[in-house]
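Enquirer: Here is how the chains run, residue by residue.
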Amino acid sequence: MAINWFKYAAPSSFYGLIGKMIPWFAWSSGILFIIGLYIGFFVAPTDVQQGEAYRIMFIHVPTSILSMFVYLVMAGYAAMGLIFNTRLSSMMASALAPTGALLAFLSLWTGALWGKPMWGAWWVWDARLTSELVLLFLYLGFIALQAAIDDPRRADRASALLAIVGSVNVPIIYFSVKWWNTLHQGSTVKFSGTSMHVAMQQAMYTMLLACWLYVIAVSLIRVRSIILERERNTQWVTDLPEVTK
Amino acid sequence: MNRLSLFGLLGLVIRRDLILAMRRRADVLTTLIFFVMVVSLFPLGVGPEPDMLRKMAAGVVWVAALLASMLSLGRMFSADYLDGTLEQMMLVPQSLSMLVLGKIVAHWMVSGLPLVLMAPVLGLQFDMSAQALWILIAGLLLGTPILSMVGAVGAALTLGLRGGGVLVSLLVLPLCIPVLIFGTGAVDAAITGMSVASHLLLLSALLLLALVFTPWVTAQALRISME
Amino acid sequence: MNRLSLFGLLGLVIRRDLILAMRRRADVLTTLIFFVMVVSLFPLGVGPEPDMLRKMAAGVVWVAALLASMLSLGRMFSADYLDGTLEQMMLVPQSLSMLVLGKIVAHWMVSGLPLVLMAPVLGLQFDMSAQALWILIAGLLLGTPILSMVGAVGAALTLGLRGGGVLVSLLVLPLCIPVLIFGTGAVDAAITGMSVASHLLLLSALLLLALVFTPWVTAQALRISME
Amino acid sequence: MLEISNLACSRGDHLLFSELSFTLAAGELLQVEGVNGSGKTSLLRTLCGFMMPAAGEIRWRNQNIRELDEAYYAEMIYLGHLNAIKDELNAVENLRINAGLAGCAVEEKKIIAALRRMGLRGRETLPVKVLSQGQRRRVALARLLFSNAPLWILDEPLTALDVSAVGLMQELIGEHLAHQGMVIYTTHQPLEVAGITTRRLSLS
Amino acid sequence: MLEISNLACSRGDHLLFSELSFTLAAGELLQVEGVNGSGKTSLLRTLCGFMMPAAGEIRWRNQNIRELDEAYYAEMIYLGHLNAIKDELNAVENLRINAGLAGCAVEEKKIIAALRRMGLRGRETLPVKVLSQGQRRRVALARLLFSNAPLWILDEPLTALDVSAVGLMQELIGEHLAHQGMVIYTTHQPLEVAGITTRRLSLS
Amino acid sequence: MNWGEFFAMNGYALYVWGSYGMALLIFIIEIILVRHRKKLAVQQLRLLRDAGKEE
Ligand code: HEM
Ligand SMILES: Nc1ncnc2c1ncn2[C@@H]1O[C@H](COP(=O)(O)OP(=O)(O)OP(=O)(O)O)[C@@H](O)[C@H]1O
Ligand SMILES: Nc1ncnc2c1ncn2[C@@H]1O[C@H](COP(=O)(O)OP(=O)(O)OP(=O)(O)O)[C@@H](O)[C@H]1O
Ligand SMILES: [Mg+2]
Ligand SMILES: [Mg+2]
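Chains as they are written, first to last, in our numbering: chain Y, 3 to 247; chain X, 14 to 240; chain G, 14 to 240; chain P, 3 to 206; chain A, 3 to 206; chain D, 86 to 140.
So that you can see chain Y by itself, here it is in the shape it has in the complex:
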């Protein structure tokens, strides 16, 4: 029953549940990072055209892909919070936003550091790059709006509207590659053969998974503090073992 389900999604039970889950996510993320980096740096061969610089890919691609994915997840949570008035989903949305913004920033940063040796410029105004920049702005707008409103309930609802409207923009920005000449993934970037080396693929997917788990772990920790901040007047929070001890 839907109502029952919402009851289980009440902050009090969720708080305990994720408290137990966080270490699992954190540790598996750490281990996968080590494995991924090992494959990426020691197993995967040097790329014929790009030399060692291509190894940036193993951090660039996961952060890039996740930055977009996280936005959609965040917008989804925000929409849920707005429509069903579930406090928890709004909190999840605000917990995801900073991580998403950081991922977007990392994508830009690693991309820029990759671009300099490959294209000879830190930055080109290519559609892919620009759209990533715009994504960063969307995140920052979400965070800024939430920070600007004092009342958390109001902040949730206002920023949810923004996130929803903004998510309409994501595909438009993303597909604008089509309408634009593009350097990213253009002729400069070609891996040996039609497909990547198996080890490269393995490293990339491992790193992607590791990053994903990292995102989950970090945002769950953040959502726990958000829950504490917002529910500070409730009895169950005052009775928590970490508070009473």
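Honestly, I wouldn't trust all of these hints.
What the hints assert, rightly or not - List of simulated lysine-lysine pairs, DSBU-like, C-alpha gap at most 35 Å:
1) D:123 <-> Y:247
2) A:111 <-> D:124
3) X:68 <-> Y:247
4) Y:118 <-> G:68
5) A:131 <-> D:124
6) D:123 <-> Y:22
7) D:124 <-> A:112
8) P:112 <-> P:131
9) P:111 <-> P:131
10) D:124 <-> Y:247
11) A:111 <-> Y:247
12) Y:247 <-> Y:22
13) P:131 <-> A:111
14) D:123 <-> A:112
15) A:111 <-> A:131
16) Y:118 <-> D:123
17) G:68 <-> X:68
18) A:131 <-> A:112
19) D:123 <-> A:131
20) D:123 <-> A:111
FYI, nobody ran anything at the bench for these hints, they're computed from the structure.
Following the hints, complete the assembly by docking chains X, G, P, A and D with the ligands onto the known chain Y.
Expert: Frame of chain Y; chains X, G, P, A and D with the ligands shown alone:
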């Protein structure tokens, strides 16, 4: 009880906002002059080579239009909010979305339409071809209402917040980028002889989308901001 | 009676305005982001050819800085005017010019300084050379305070007028054009290998001139607007 | 007509009041009392639907106002701390637009008559901006003269009014009640309507 | 101390008052009376130097206030229709900054004590924006507690205040007068200070 | 391959390690911030509880 028809309401709100704008005729003029000035600043900043200027023209005009309509967003709700009129508007026994639509239309007429009318003059300054000019105008005609509508959402969300003026740009500019891309894309296509229709069609689609959703979203945002 | 020293007053006012800005940390960030966004809009509008972009870079950065500081002008006095604090400030038993100077400095620290610090990153995006970048920064460092000061005069004059936000741009932009010209001129000179010093010296002279006169003029303008 | 049951209202993490119940019938006058910050304004704003109540229900003609929405708004008029008049317009224009939005077109002559009744003779066509505090409040109150809404919700209607204007307000409220109207209001000044016993609701 | 001679004041093409003369000595309380729009606010604003009088002179310690300027401002405090508090700051920050600008650094503890005296216990660190109308006015009035200016100019200090706060204001004014202060104020509500006979100045 | 060669990354050291370094830095900073926020929240709660006891 007396109740206005939907269109009566729309007309009334538009008329009201136009009267208010006319009471400060300077307002209308200044958005326009801001637009003209931004466009004219570029040759000053960039240098006077005609070839480069011609290439830049559509982009500069579009960016200036975007900024000008951004600048006038603050006006859309904040005065009404501060003096309590907005509160009263939410108590009007009629659809708030419709009322919002009225305000958006009035805003566009005051700060979007003059830009569209001014654009040809500026385009000539940059030595654009007649065909490119027509496309520019068509694009602006489709695009500036979208800017007003998306801007309304941002203005409503940031209502009563300090620093709202800048925050609203942060929220709205990314959302307006597609408009900018299609608008300038159309002109580029016209210059390079490619098909213009697809860009303009996309702009029309965006306009329709915005027309359907933004008044409602703005109304919701207003309700949230008033709480 | 207790009276603050002149510098005590200056410090107090600056601190006050910075606290207010920090209360909404978003404010500082948003001016900055607006700046970044305007600069980024241009390549979107104009197209991604690196050669052209490199030529435009200094101009675009300067125009964006001008617009960003223009946009934040509204904040300088209007909030204080609306809630009556400005009235009280005029009753402070100390030189109003000094108080105004404090507000200008705070405004610059919040909305000018971040732009200067951000400019190198944007310059890199446009692939500017290191030397040109340095000149750009030096110019901005000299120029943005002038923008804040001239802006203050405009903001004070348009206080309490409806549509002040746009009107102020209209008043201020023409006055700021010399700054723009010298600022971009310096970068151009650096690129073409001519002497940069004359441009920067002129900017410094303007800065000095503004520093001497604008606080007093602004104070007078405030008195007029309050009547 | 207006029934409030078990209403609770909270601002921030502060519970203003709870378990508030009362009804207001035609011809009744209700004064909400309480010290500064006790939640009078919040109560009135909740009645207008601006704020969501933390608990409880507000019913108008036996229907929840959330469901009624526009039908409810057609039958009530709210006057808040803010005057809701545009500084740039003059009193006549302000009132015409206000009446228009509420759904009734009023003639200029009637507006001017109303303004004169409110003691604004000679000020009808000045921009409201230059009027004195009390005159501005009078313009805002003049809206009441055109409305045929039965429910008046007035938040401190007497601020800035001088003695004669207070008398006028008492008269207006008396007339409205005589026509089977309802008034709910707050004030820190004494307000007595001849021939009517004011009901009082105290927020602790 | 404060001497007004033959003062005239006009707004637009409207002469508000003319030939107004009075003096205010230490320990005196003067109420400016008049109907809405009679020019009370304009008179007080003229006394602050915001408006130029159409004719006449205002003298403080036998010198024209135009010439004194800052020395005059150091000895007076004005409280207008607007509260002059920043919505984003909390009450403590507001008062600290206000006191600082007036030239005295005040300790946090004293500010909190003052706020409690004004009945704002528990609201000291909320952003002023969320306070009720009356609470905001109280924050504005708390400024009077830190000032050692002899001349108080108060424009409708009692708006939005509840009964107990009105009592408090009367107390404050009484204390100030006992210390040889001067108060000139307007109000439409009754304000009586124990042991002091209020002088009244009527603007026709 | 020896470690020196490995760290030199064939001349791309700045770029490769710059990327991974920044990523590491950001991750670490985020973890620290996020845990600090949690600690602050708990501290705040204790403060509230103690203040509640005093009254
Ligand atoms: C600041 C600069 C850059 C940004 C913002 C950026 C952004 C992105 C984004 C958003 C993606 C995910 C796209 C997708 O899922 O298809 C991505 C993927 C990728 N990027 Fe970048 N990038 C940048 C620079 C570079 C450079 C310089 C290279 C290589 C020379 C590069 C190579 C790749 C590759 C190979 C992928 C994976 C593509 C795929 O699997 O579809 N990127 N980048
Ligand atoms: N975020 C918040 N946190 C704590 N308290 C809040 C918050 N927002 C509002 N309040 C309190 O809620 C109350 C709001 O009161 P309201 O404006 O309804 O009072 P009122 O009865 O109209 O008072 P007045 O007579 O002064 O107009 C105030 O006491 C205010 O301090
Ligand atoms: N431009 C103008 N033309 C004509 N009359 C004007 C103009 N500006 C102001 N007035 C009048 O000047 C008067 C200003 O009054 P003021 O604000 O001093 O009144 P007040 O005594 O404080 O009234 P209140 O009790 O309502 O606060 C008002 O009657 C107003 O109508
Ligand atoms: Mg109230
Ligand atoms: Mg007055």
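Enquirer: Each hint should be assessed against the structure and marked as holding or not.
Expert: A quick look at each hint next to the structure:
1. D:123 <-> Y:247: Measuring from Cα to Cα gives roughly 15 Å; hence the hint holds.
2. A:111 <-> D:124: 28 Å, holds
3. X:68 <-> Y:247: It is violated: about 69 Å lies between the C-alpha atoms, which goes past 35 Å.
4. Y:118 <-> G:68: 20 Å, holds
5. A:131 <-> D:124: Holds, at about 29 Å.
6. D:123 <-> Y:22: Roughly 15 Å separates the two Cα atoms, so the pair holds.
7. D:124 <-> A:112: Status holds; Cα separation ~32 Å.
8. P:112 <-> P:131: 22 Å, holds
9. P:111 <-> P:131: 22 Å, holds
10. D:124 <-> Y:247: 13 Å, holds
11. A:111 <-> Y:247: The hint holds at about 32 Å.
12. Y:247 <-> Y:22: 19 Å, holds
13. P:131 <-> A:111: Answer violated: residue 131 (chain P) to residue 111 (chain A) is near 41 Å, above 35 Å.
14. D:123 <-> A:112: Distance of about 34 Å is within 35 Å: holds.
15. A:111 <-> A:131: 22 Å, holds
16. Y:118 <-> D:123: 39 Å, violated
17. G:68 <-> X:68: 13 Å, holds
18. A:131 <-> A:112: 22 Å, holds
19. D:123 <-> A:131: 28 Å, holds
20. D:123 <-> A:111: 30 Å, holds
Checked against the numbered hints listed earlier, the structure breaks hints 3, 13, 16; every other hint is satisfied.
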